[in-house]
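Q: Chains as they are written, first to last, in my numbering: chain H, 3 to 322; chain G, 3 to 322.
If you're looking for bench data, these hints aren't it; they were derived computationally from the structure.
One thing to keep in mind: the hints can contain errors.
What the hints assert, rightly or not - Straight-line C-alpha distance at most 27 Å; calculated DSS-like pairs for lysine-lysine:
| id | chain 1 | residue 1 | chain 2 | residue 2 |
| --- | --- | --- | --- | --- |
| 1 | G | K4 | G | K320 |
| 2 | G | K320 | H | K320 |
| 3 | G | K151 | G | K219 |
| 4 | G | K320 | G | K213 |
| 5 | G | K241 | H | K241 |
| 6 | G | K213 | H | K4 |
| 7 | H | K213 | H | K320 |
| 8 | H | K83 | H | K213 |
| 9 | G | K4 | H | K151 |
| 10 | H | K219 | H | K83 |
| 11 | H | K4 | H | K320 |
| 12 | H | K47 | H | K7 |
| 13 | G | K213 | G | K154 |
| 14 | H | K7 | H | K83 |
| 15 | H | K7 | G | K151 |
| 16 | G | K213 | G | K83 |
| 17 | G | K320 | H | K154 |
| 18 | G | K213 | H | K213 |
| 19 | H | K154 | H | K219 |
| 20 | G | K213 | G | K151 |
| 21 | H | K320 | G | K151 |
| 22 | H | K83 | H | K47 |
| 23 | G | K47 | G | K83 |
| 24 | G | K320 | H | K4 |
| 25 | H | K151 | H | K213 |
| 26 | G | K320 | H | K151 |
| 27 | H | K151 | G | K7 |
| 28 | G | K7 | G | K83 |
| 29 | H | K320 | G | K213 |
| 30 | H | K219 | H | K151 |
| 31 | H | K320 | G | K154 |
| 32 | G | K4 | H | K320 |
| 33 | H | K213 | G | K320 |
| 34 | G | K83 | G | K219 |
| 35 | G | K151 | H | K4 |
| 36 | G | K47 | G | K7 |
| 37 | G | K219 | G | K154 |
| 38 | H | K7 | H | K320 |
| 39 | H | K213 | G | K4 |
| 40 | G | K7 | G | K320 |
There are 2 protein chains.
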Amino acid sequence: MKTVKIGLLGCGTVGSGVVEILRMNADLIAERCGARIEIEKIFFKNHRKHREPFVEDRATYDIRDVVMNPSIDIVVELAGKEHPAYEFIVTALQNGKHVVTANKDVMALHGCELETMARDRGVRLMYEASVCGAIPVMKALTESLSANKFTKISGIVNGTSNYILSKMTSDGADFYETLAEAQRLGFAEADPESDIDGLDAARKIIILAAKAFGVWKTLDEVQTTGIRHISAASISDAKAAGCVYKLIAQAECDDRVINLSVEPRRLPFDHPLAVVNDTFNAVFVEGNACGSLMFYGRGAGALPTGSAVVGDIMEIAKAI
Amino acid sequence: MKTVKIGLLGCGTVGSGVVEILRMNADLIAERCGARIEIEKIFFKNHRKHREPFVEDRATYDIRDVVMNPSIDIVVELAGKEHPAYEFIVTALQNGKHVVTANKDVMALHGCELETMARDRGVRLMYEASVCGAIPVMKALTESLSANKFTKISGIVNGTSNYILSKMTSDGADFYETLAEAQRLGFAEADPESDIDGLDAARKIIILAAKAFGVWKTLDEVQTTGIRHISAASISDAKAAGCVYKLIAQAECDDRVINLSVEPRRLPFDHPLAVVNDTFNAVFVEGNACGSLMFYGRGAGALPTGSAVVGDIMEIAKAI
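Let the hints inform the model, and build the full structure from the sequences given.
A: Here you go:
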């Protein structure tokens with residue numbers, strides 16, 4: 003059986019998930035993709051202690067050991083944030099590496115350029131994990147549903163804001179109180195702006211729209227409203243009217259005009275998106291043949307996001 | 003641009019959907035798969051009148067014009083039922099044709115043999131449309147989610163029984179009364195046994211289990227109970243307890259033992275499958291990395307099922 007060597011950039015939450023999946027499902031993965039996937043190197047920015055031996059043995063602090071390493075076939079970028087992840091991906095592509103990334107910031111801002119670069123070099127650039135973790139919506143849009151002219155993509159794509167709105171709905175609590183609790187429990191970051199002001203969702207809808215409509219829009223083209231202004235009173239008014247608030251990211255294509263938005267909306271209790279609670283994500287797809295479809299699942303976390311990353315790695319490994 | 007020629011076996015509901023999609027989305031399909039898909043021949047068992055000219059021009063009553071036609075690359079089997087569809091597929095594969103089918107009867111009963119035959123001949127056999135119409139769950143199981151060890155697949159996979167249970171729940175009506183109304187409206191067939199006694203769902207769970215666990219089970223290995231015995235009283239009792247009845251098909255893998263069942267179950271109102279109403283289908287997937295995922299959409303109908311058929315055709319066309 004052939005061996006495909008990969009190098010990881012970063013090994014935080016998602017990276018640990020990838021390492022764990024490749025270990026616990028090793029035989030099954032080898033059998034399904036006809037290749038043993040081996041982690042050759044793991045790049046870290048900083049020296050740190052108490053890493054497990056498997057990770058420590060492969061650790062490097064020189065990015066060139068991964069992106070320019072002739073024995074590595076696939077570079078798996080899990081460093082997060084725009085810089086220097088963008089530069090890492092560019093260098094990897096320039097060196098003829100296939101790239102798998104979970105990085106929504108880089109893809110939303112540089113997706114068009116990076117896809118062109120990958121095509122020109124004859125390598126694959128895959129990023130299923132950049133939107134909605136384990137939910138395989140990207141591959142559905144580009145492969146299974148490719149017979150469709152899409153008309154609308156909409157969904158709950160940010161776990162933090164959905165957790166906050168769900169908690170406000172179930173407990174009747176205030177926004178800032180719920181945010182503080184979410185931060186204490188690890189469901190919201192110390193800097194929660196990107197999640198609660200809708201920017202994270204805006205990046206994801208840019209990526210989904212690119213897959214569905216073939217056009218990369220920019221962040222300032224997304225009409226974005228967050229959830230800060232949703233009060234306990236708005237939530238209970240909605241409830242009385244048989245509705246719940248959800249932060250909905252949407253891309254609509256009407257006669258070649260593509261409109262992108264992120265905003266809190268009131269949905270009736272029996273709407274399929276209304277039962278998507280806590281940190282779950284869900285994406286609705288509407289096409290002129292398939293009708294309405296929904297994909298629902300875990301949008302974040304080590305193993306769910308790792309599932310999408312390893313799925314992409316396996317697809318490339320099969321073809322190598 | 004290359005041209006890929008296909009031949010249809012049958013042109014009923016799903017066939018008309020395929021013809022319509024290939025026509026309305028022709029440019030987009032050609033662009034996405036790098037090939038023009040042309041319908042060369044359409045096989046019919048019986049002479050009939052009043053077909054549209056496009057279909058009439060391609061009609062043949064000799065099966066060999068499709069399955070043994072040297073100019074046809076892909077045979078698209080949409081005849082339905084076990085025989086003679088099974089024999090048509092075998093002959094097509096033996097003649098080196100790629101095959102796309104929407105036929106759950108043939109795949110549930112002969113899937114193992116036909117997959118081996120296709121592999122041995124080096125051709126593709128694809129059947130996304132055989133389970134849950136437009137919902138791309140098969141490709142998700144075998145590609146996007148292939149990093150997972152699956153533990154359970156469960157779902158609402160039969161539209162007719164779901165329509166009946168939904169109507170009984172909303173209207174408080176009796177089973178046979180609702181069935182008669184469903185037949186009048188075209189949501190149930192004149193011979194409804196296969197749908198209401200769970201056999202249709204049993205066939206679909208066999209196919210899903212084969213994709214998830216790599217093992218083809220037989221019909222008598224599926225513990226099957228239908229919905230005939232569900233009375234208006236059972237429905238209202240469930241309602242009072244905050245539950246709804248759904249016909250659930252399930253495949254569970256526990257320590258290498260795979261158990262398949264189809265049975266009506268009571269689900270709490272806030273279960274994601276509880277809001278899957280009318281003729282909609284939904285499939286839950288549980289894996290050791292992805293966690294719980296749900297796919298929801300139209301499980302039948304000309305265009306939704308056609309969407310899955312054309313998706314498979316495009317994947318083969320890309321690779322030819």
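Q: Each of the hints needs a verdict: does it hold here or not?
A: Against the structure, the hints:
no.: 1; hint: K4(G) <-> K320(G); result: 10 Å, holds
no.: 2; hint: K320(G) <-> K320(H); result: 17 Å, holds
no.: 3; hint: K151(G) <-> K219(G); result: 18 Å, holds
no.: 4; hint: K320(G) <-> K213(G); result: 22 Å, holds
no.: 5; hint: K241(G) <-> K241(H); result: 21 Å, holds
no.: 6; hint: K213(G) <-> K4(H); result: 24 Å, holds
no.: 7; hint: K213(H) <-> K320(H); result: 22 Å, holds
no.: 8; hint: K83(H) <-> K213(H); result: 21 Å, holds
no.: 9; hint: K4(G) <-> K151(H); result: 22 Å, holds
no.: 10; hint: K219(H) <-> K83(H); result: 19 Å, holds
no.: 11; hint: K4(H) <-> K320(H); result: 10 Å, holds
no.: 12; hint: K47(H) <-> K7(H); result: 21 Å, holds
no.: 13; hint: K213(G) <-> K154(G); result: 12 Å, holds
no.: 14; hint: K7(H) <-> K83(H); result: 25 Å, holds
no.: 15; hint: K7(H) <-> K151(G); result: 22 Å, holds
no.: 16; hint: K213(G) <-> K83(G); result: 21 Å, holds
no.: 17; hint: K320(G) <-> K154(H); result: 25 Å, holds
no.: 18; hint: K213(G) <-> K213(H); result: 26 Å, holds
no.: 19; hint: K154(H) <-> K219(H); result: 15 Å, holds
no.: 20; hint: K213(G) <-> K151(G); result: 12 Å, holds
no.: 21; hint: K320(H) <-> K151(G); result: 18 Å, holds
no.: 22; hint: K83(H) <-> K47(H); result: 13 Å, holds
no.: 23; hint: K47(G) <-> K83(G); result: 13 Å, holds
no.: 24; hint: K320(G) <-> K4(H); result: 25 Å, holds
no.: 25; hint: K151(H) <-> K213(H); result: 12 Å, holds
no.: 26; hint: K320(G) <-> K151(H); result: 18 Å, holds
no.: 27; hint: K151(H) <-> K7(G); result: 22 Å, holds
no.: 28; hint: K7(G) <-> K83(G); result: 25 Å, holds
no.: 29; hint: K320(H) <-> K213(G); result: 18 Å, holds
no.: 30; hint: K219(H) <-> K151(H); result: 18 Å, holds
no.: 31; hint: K320(H) <-> K154(G); result: 25 Å, holds
no.: 32; hint: K4(G) <-> K320(H); result: 25 Å, holds
no.: 33; hint: K213(H) <-> K320(G); result: 18 Å, holds
no.: 34; hint: K83(G) <-> K219(G); result: 19 Å, holds
no.: 35; hint: K151(G) <-> K4(H); result: 22 Å, holds
no.: 36; hint: K47(G) <-> K7(G); result: 21 Å, holds
no.: 37; hint: K219(G) <-> K154(G); result: 15 Å, holds
no.: 38; hint: K7(H) <-> K320(H); result: 13 Å, holds
no.: 39; hint: K213(H) <-> K4(G); result: 24 Å, holds
no.: 40; hint: K7(G) <-> K320(G); result: 13 Å, holds
Violated hints: none; the structure is consistent with every hint.
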